[in-house]
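Read top to bottom, the protein sequences are chains H and B.
Heads up, the first sequence is in this note's numbering, so the first residue is 1 and it goes up one at a time.
Heads up, the second sequence is in this note's numbering, so the first residue is 1 and it goes up one at a time.
Worth flagging that the hints you see were computed from the coordinates, not collected in a lab.
Here the structure is a predicted model, which means the values were calculated and not measured.
The beta-carbon is built from N, C-alpha and C at its ideal position, and this holds for glycine as well.
The reader is advised that the hints may include incorrect statements.
To be verified - In silico SDA-like links for lysine to any residue, alpha-carbon gap of 20 Å or less:
1) 339/H - 347/B
2) 106/H - 156/B
3) 14/H - 333/B
4) 99/H - 334/H
5) 14/H - 347/B
6) 339/H - 348/B
Stated by the list, open to error - If you anchor each label on the Cβ, the simulated ranges turn out as follows:
7) 73/B - 306/H: 45 to 53 Å
8) 301/B - 4/H: 25 to 33 Å
9) 338/H - 255/B: 17 to 25 Å
10) 346/B - 29/H: 28 to 36 Å
11) 157/H - 154/B: 30 to 38 Å
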Amino acid sequence: MKYLDEFRDGDLAKNIARDIRQTVTRKWSLMEVCGGQTHSIVRNGIDQLLDGAVEMIHGPGCPVCVTPLELIDKALAIASQPGVIFCSFGDMLRVPGSKVDLFRVKADGGDIRVVYSPLDALQIARQNPEREVVFFGIGFETTAPANAMAVHQAKLQGIRNFSMLVSHVLVPPAIEAILNSPKCRVQAFLAAGHVCSVMGYWQYYPLVERYRVPIVITGFEPLDLLEGIRRTVHLLEAGTPQVENAYERAVCFEGNQPAQKLLSEVFEVADRAWRGIGVIPKSGWRLSEPYRDFDAELRFDVAGITAEESPLCHSGEVLQGNLKPNECPSFGTACTPRKPLGATMVSSEGACAAYYNYGRFVALESIH
Amino acid sequence: MSSFAPPDLSQWSCPLPLRDYPTIVMGHGGGGKLSAELIEHIFVPAFRNSALEVMADSSVLPPPAGRIAFSTDTYVVQPLFFPGGSIADLAVNGTVNDLAMSGATPLYLSAGFILEEGFPIAQLAAIAERMGAAARAAGVQIVTGDTKVVDKGHGDGCYINTAGIGVIADGIHIDPTRAQPGDVVILSGTIGDHGMAIMSVREGLEFETILKSDSAPLNGMVASLIQFAPNIHVLRDPTRGGLATSLNEIAAQSGVGIMIEERSLPILPDVQSACDLLGMDPIYVPNEGKLVAIVDPRSANDVLRVMQKSQYGSRAAIIGTVTEKHAGMLAARTAIGGTRIIPLQIGEQIPRIC
Numbered sequence: 001m002k003y004l005d006e007f008r009d010g011d012l013a014k015n016i017a018r019d020i021r022q023t024v025t026r027k028w029s030l031m032e033v034c035g036g037q038t039h040s041i042v043r044n045g046i047d048q049l050l051d052g053a054v055e056m057i058h059g060p061g062c063p064v065c066v067t068p069l070e071l072i073d074k075a076l077a078i079a080s081q082p083g084v085i086f087c088s089f090g091d092m093l094r095v096p097g098s099k100v101d102l103f104r105v106k107a108d109g110g111d112i113r114v115v116y117s118p119l120d121a122l123q124i125a126r127q128n129p130e131r132e133v134v135f136f137g138i139g140f141e142t143t144a145p146a147n148a149m150a151v152h153q154a155k156l157q158g159i160r161n162f163s164m165l166v167s168h169v170l171v172p173p174a175i176e177a178i179l180n181s182p183k184c185r186v187q188a189f190l191a192a193g194h195v196c197s198v199m200g201y202w203q204y205y206p207l208v209e210r211y212r213v214p215i216v217i218t219g220f221e222p223l224d225l226l227e228g229i230r231r232t233v234h235l236l237e238a239g240t241p242q243v244e245n246a247y248e249r250a251v252c253f254e255g256n257q258p259a260q261k262l263l264s265e266v267f268e269v270a271d272r273a274w275r276g277i278g279v280i281p282k283s284g285w286r287l288s289e290p291y292r293d294f295d296a297e298l299r300f301d302v303a304g305i306t307a308e309e310s311p312l313c314h315s316g317e318v319l320q321g322n323l324k325p326n327e328c329p330s331f332g333t334a335c336t337p338r339k340p341l342g343a344t345m346v347s348s349e350g351a352c353a354a355y356y357n358y359g360r361f362v363a364l365e366s367i368h
Numbered sequence: 001m002s003s004f005a006p007p008d009l010s011q012w013s014c015p016l017p018l019r020d021y022p023t024i025v026m027g028h029g030g031g032g033k034l035s036a037e038l039i040e041h042i043f044v045p046a047f048r049n050s051a052l053e054v055m056a057d058s059s060v061l062p063p064p065a066g067r068i069a070f071s072t073d074t075y076v077v078q079p080l081f082f083p084g085g086s087i088a089d090l091a092v093n094g095t096v097n098d099l100a101m102s103g104a105t106p107l108y109l110s111a112g113f114i115l116e117e118g119f120p121i122a123q124l125a126a127i128a129e130r131m132g133a134a135a136r137a138a139g140v141q142i143v144t145g146d147t148k149v150v151d152k153g154h155g156d157g158c159y160i161n162t163a164g165i166g167v168i169a170d171g172i173h174i175d176p177t178r179a180q181p182g183d184v185v186i187l188s189g190t191i192g193d194h195g196m197a198i199m200s201v202r203e204g205l206e207f208e209t210i211l212k213s214d215s216a217p218l219n220g221m222v223a224s225l226i227q228f229a230p231n232i233h234v235l236r237d238p239t240r241g242g243l244a245t246s247l248n249e250i251a252a253q254s255g256v257g258i259m260i261e262e263r264s265l266p267i268l269p270d271v272q273s274a275c276d277l278l279g280m281d282p283i284y285v286p287n288e289g290k291l292v293a294i295v296d297p298r299s300a301n302d303v304l305r306v307m308q309k310s311q312y313g314s315r316a317a318i319i320g321t322v323t324e325k326h327a328g329m330l331a332a333r334t335a336i337g338g339t340r341i342i343p344l345q346i347g348e349q350i351p352r353i354c
């Protein structure tokens, strides 16, 4: 615990926050890419420590939030089939599809199981050879190695009743899409530390070169985030856009190379639809040709399912930083965590849910 | 890695042979000889008390002086045995604690069992024995009961309902509407122990040490508090939904705001690590042997001292205050000095993806 407490030290946090406040000459707009970072910022009250010195824009890095409606509907269709054991990370269960969510399918008799690792799903497949076991393989580069390993082992061990519904997405193309948007207000990025622990940070140099924005690799504990923000602000003030690693205890330049090797074997880059944003070219992974037999979308013939998102949901604008969650007309009215219109209101990492839960209707000075 | 092993029941032998059935059959709920045998050989010896031994359709008890507190709860926990306790401990302590939170002295419990066909009788006996032991430890008597059997596949082994009666002495007024601005919030010990213990065995998660449930009867602590520390306004045992839910409910029912200091919350390092790993917040994780007291500031130190001296309160701490601001809401000052709202959860807390 001592190890974690060191990164939650209140006095140090105040010092860094003061440094940030004293450094800025204008209000910079920073985007933290990862949903885990959004969660930590709001949960720890980091935005309040900054006292308006910096605007934090919550990025599209919540895997639950960006998984497209269409894919949720495909998951629901597969999970409803008799004989299927559908395995998922817990927070996908409440994400609404076009009509229902996985909790509802479970209540109606679907065999849906929350697992903590895709390897647990593989174990379930081994134990139930007469059943089809499907794992909902979502997430960024962070969850991808474990998912790749599960498919790799399934092939190696000939576990034919295992398959994966894959919706992997990648951070650098998302950052590029945001920077290419004519409405882009983001002046610097806190890159997601755990993504970089897998992929390294060599991918960010071309982005910094081309778009002249600082990108600082940042962790998740309060002091990690404050340090990431501090370094970003110093780079912005100095007018020296570059890549910096503020999460050295977990991230190195080249990343986890055995993991990258496995990823390049099991997955191939593909265009991906992002919920609320649309298709971003080359922004995701699908199973590569040698592993295509394990693709649940093909095995269960759900490739034809399509879906339309609610016109009332502006989560795409929120995910790109063009709209604050509470600026959405549906926020807190048509859309609440209890009846979410979009996934950003579902996941505790989602920007809208984070706003609703932690920042909701609160005149902050009233609770100081 | 250490792991938890459920109790070894292979050595159990019935004091009097229960016919030829090592497992529950439909007939055990039929009200005939098999039912009578279960009562005679399992429940009566385990719960032993004079009111039960009369074996009438209802227990006849003398009326206590004071007001009556009455509560019921149903227990469906899986697994039935877990580190630090069992369904039996929860069934007794849970209802005892619910009574105690009104300031009552718990006296009598009922025990209703719903058993699934095929449930091992040895396990039922182990559960009954533990319920008897828990009742003796809490100073209550299990004076009436019932058993029903459901078809195989229609239950989860064993469900238990307990109801309890307690008595509240004159002059004691403890209820969740009485929190007042200026009151102090005191927690009797570490949070999240029970929920994370259950989760670690249920999901097969292994940590370096075994996380243990905190299941415990709190009526002794409450009796001491009432005796030595007056001006207790509210008592709550933060079970389902954890401390966050209890404090939110109190804030809503009393029409006040509650502000807690996250740094003051006692949390075992292993529980905190397990929560961090799973993306869960210990403030929402269930407890089965803790209480939160909201007291007049003049009594705060007395309450804290009494709690810390009692068997289950050694890590008691002052964790916050009641305020006029943000009425109906629970807020926290975070470890790094920010503030956040701690809302009610929609349903169960679910682990986050990363």
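If you test the structure against every hint from before, which numbers come out violated? 5
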